[in-house]
Amino acid sequence: MSTQDIARHTSLKVVFYNDPKIRSLFFQVLLLVAVVALFWFAYDNTVANLKKRNIAQGFAFWNVEAGFDISQTLISYSAASSYGRAFWVGLLNTLLVSGLSIFFATLIGLIVGILRLSKNWVVSRLAGFYIELFRNIPLLLVLYFWYGAVLSSLPEPRNSLSIPGDIWLNSRGLLVPRPVFLDQFWVVGLSFAIAIVGTFFLLRFNAKRQAATGERLPAGWISMALILGLPLFIYFLVGQPLGFDLPVKGRFNLTGGLNLAPELVAMVVGLSTYTAAFIAEAVRAGVVAVSKGQSEAAHSLGLNDGQTLRLVVLPQALRVIVPPLNSEFLSLTKNSTLGVSIGYPDLVNVFTGTVLNQTGQAVEMVSVTMLVYLTFSLLTSAFMNWFNTRVALVER
Amino acid sequence: MTDLMSSDIHFVRASVLEEQRPPTRLSGPLLWMRENLFSSWLNSLLTLVFVSGVAWVLPDLIHFTLVIPVWVAGSSKDCSAELLGHPVGACWGFVNAHFGYFLYGQYPDSERWRVDIYYGLEAFGIFWILYPKAPFKGAGLAFFFLVFPIVGFTLLSGMPSIGLRTVQTHFWGGFLVTIVISTVGIVASLPIGILLALGRRSAMPIARLVSVIMIEFVRGVPLITVLFMANVMFPLFVPDGWRPDSLLRVLVGVGLFSAAYMAEAVRGGLQAIPRGQYEAAQALGLGYWQMMIKIILPQALKIVIPNIVNNFIGLFKDTTLVAIVGIFDFLRTIQASLADPNWRSSTMPLAAYIFAALVYFIFCYGMASYSLAMERRLQTGNRH
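Protein chains in written order, with this note's numbering: chain A, 1 to 396; chain P, 1001 to 1384.
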């Protein structure tokens, strides 16, 4: 029974300013007025200030010629392109560096996290050292370290360092073989897609069969053969429609191949080594969260080590690991904005940096940039809600 | 199932296993090594690979940083292997020569004692709050959150009427700015964060809405965009004559940013307090604020001390980003010194970054260890 009810039932006279309902209403109106007044104050001043400084408003600049170059563009772009085009170039660069870093960070993070859990004293201590080191220094320092201390001290192109697999490393970045897709390559892609669909149905069939008869096919091996074997078979059948443009070392320079700028390399290496420490910690926490009784119970049911890990421990650990993993991915994407400090042309660098400097339209630039990252974060939390309802404990 | 002994039960083993040999008996370090380093061939391989990796890197690192470094230098010439004619390690002379700059920025030489006092007061306040056995915790909190900010600001920026020369904020720099930003972030974010967390769990729909929008908006965007907003948009929001100081603008941005993260940490604590605590407080006739201040918050904040400290660590590391909007923090002063033509050399950055990493590591690891110790201490308090 709430206070109002008591007041009503006992017909006590409550002075109006002590009535919780009126009080709550009063404070909310006060808050609303304060917020609206604050926004109005800011809006009014902004309009006056913009007028005084002769700064344009609105998005008319979107189609205006940009007039500046960007060092790394995934879509065609030149100084004659529009500001809107520059926005997409920056956004794609952000997505590229985030995607690559997420891949490598997850890989390194998984390995370090598993090593941290190892019973081997030396291995787990070294993994722990890695985690503690990167968790306790700022990302910006990590980026400066890779960019300013490691990559900048690499030799000139004529003395490029060679890495097995036709990869070259020098002060102008990393040269890797450029894949060249020939006409028939789509057939290989199609066969890969068919193999994945086939594997999906095979796994379902296998699960049904196991439930009915208790026997199971070696589904892992069969699906691996399907996914790897089928495209490979088709690949040779249609006559190897994939070539590589290899970087070739001349006397003074390297030609051919795909040149990854040092900024991109520093960003990917920095972001992935840094985020890997946090991912490793999430992996460790997730596996530790599964109680020892679970694997003991699995063992006593006759499952071997691999089955215990795959069928009992991992599904439960993933429930704990995926939420922090996901937020690490999101914060990695947000951290890719640090590219501005070493000159990587990401969204913030291009849009909030160069475009803002040229047009002076601070409000529009910062709002658009914030909106992009807000969209990322809303998408991530939508995925998280979906995932949480899917893997939530079903209790009886 | 009719016949339990039938052989078509697939999970029952049909044959008897062979007898296995008893485990070898060992004790002492040999047993420890066998169990921890060489328990299987894979483990032995890992041990060998990692130990040889360490043995390969560590001596070189020690040689570079401690055996052959240059401790005192006047310019990069004193650290150049070509000019000296023998191999040189880390150029600690660079750090030595710029130490004052790293510590105080361009704060005038004659006034640096004020910064020293500020550092001292801050250390005293932190010790008072964090050391569990220190007496008068309430006074300590009042000192750190009320007295210290006012005294500290007066001390640093000056007050001519009591004989302290005015030092404008663009002279502040280096570690001083790093400490000032993180302190302001901490001092501002805790109360604002608590208010936001209370707002988010409030029964008033408008308060809830305002808090949720504020928290989710700030947590959804990168700190750099908040700093850009503070730097280029904030001056537009206020009347033309105000011209807010550039450090102040950044402080507002950092304060709001960390408040949103703090709010989520505090909310976790509020959610962990059982309903009975709220009901008991209400039954005793306490009003909302009395209930929160006397009953709920002391318990909730205690639970989330580790999370709060983790936020502080993140904040301390994030202060480096202010360099991007032109504030000379600790890392920025190092970058600026590296760009000095007198000190240009390809090996200089390595030494400088090792030094910077060491400084950040000591502070962050210190905070992390404190939070871990606190967690353990609090756990024993709740153990049945």
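Among these hints, one or two may not hold up.
Computed from the model, here is a short list of chain P residues facing chain A with C-beta under 10 Å [as the list claims (entries may be wrong)]:
| id | residue |
| --- | --- |
| 1 | W1041 |
| 2 | V1051 |
| 3 | Q1106 |
| 4 | S1110 |
| 5 | W1113 |
| 6 | I1117 |
| 7 | Y1118 |
| 8 | Y1119 |
| 9 | I1179 |
| 10 | M1229 |
| 11 | N1231 |
| 12 | P1235 |
| 13 | I1305 |
| 14 | N1307 |
| 15 | A1336 |
| 16 | S1337 |
Stretch by stretch, here's where chain P covers chain A in the computed footprint (C-beta under 8 Å, at least three residues) [what the hints assert, rightly or not]:
| id | region |
| --- | --- |
| 17 | 43–55 |
| 18 | 372–381 |
Derived from the structure by calculation, the hints contain no laboratory data.
Glycine included, every Cβ here is placed at the ideal spot set by N, Cα and C.
Each hint, compared with the structure:
A cut of 10 Å between beta carbons decides the hint on W1041 (chain P): the least distance to chain A is about 12 Å, and the hint is violated. Residue-level restraint check for V1051 (chain P) holds (minimum Cβ-Cβ distance to chain A is 6 Å; threshold 10 Å). For Q1106 (chain P), the suggested interface contact is broken, since its CB lies about 21 Å from the closest CB of chain A, more than 10 Å. Of the supplied interface hints, the one on S1110 (chain P) is violated, with its beta-carbon coming no nearer than about 32 Å to a beta-carbon of chain A, more than 10 Å.
Of the supplied interface hints, the one on W1113 (chain P) is violated, with its beta-carbon coming no nearer than about 29 Å to a beta-carbon of chain A, more than 10 Å. At its closest, the beta carbon of I1117 (chain P) sits 27 Å from a beta carbon of chain A; the interface hint therefore is violated under the 10 Å criterion. Taking 10 Å as the C-beta cut-off, the interface hint given for Y1118 (chain P) is violated, the closest approach to chain A being about 23 Å. Interface restraint check: Y1119 (chain P) against chain A, minimum CB-CB distance 20 Å, threshold 10 Å, status violated.
Taking 10 Å as the C-beta cut-off, the interface hint given for I1179 (chain P) is violated, the closest approach to chain A being about 14 Å. Interface hint status for M1229 (chain P): upheld, as the beta-carbon distance to the closest one in chain A is roughly 5 Å, under 10 Å. A cut of 10 Å between beta carbons decides the hint on N1231 (chain P): the least distance to chain A is about 9 Å, and the hint holds. For P1235 (chain P), the interface hint holds, the least distance from its beta-carbon to any beta-carbon of chain A being 8 Å, beneath 10 Å.
Proximity of I1305 (chain P) to chain A is violated relative to the hint, the smallest CB-CB distance being about 18 Å (cut-off 10 Å). Proximity of N1307 (chain P) to chain A is violated relative to the hint, the smallest CB-CB distance being about 13 Å (cut-off 10 Å). A least Cβ separation of about 12 Å between A1336 (chain P) and chain A goes past the 10 Å threshold, and the interface hint is therefore violated. Interface restraint check: S1337 (chain P) against chain A, minimum CB-CB distance 13 Å, threshold 10 Å, status violated.
Against chain P, the region 43–55 of chain A contributes 6 residues with a C-beta closer than 8 Å to a partner C-beta. That satisfies the three-residue criterion, and the hint holds. For the region 372–381 of chain A, the assignment as covered by chain P holds, since 5 residues bring a beta-carbon within under 8 Å of that chain's beta-carbons and 3 suffice.
In the structure shown, a violation is registered for the earlier hints numbered 1, 3, 4, 5, 6, 7, 8, 9, 13, 14, 15 and 16, in ascending order.
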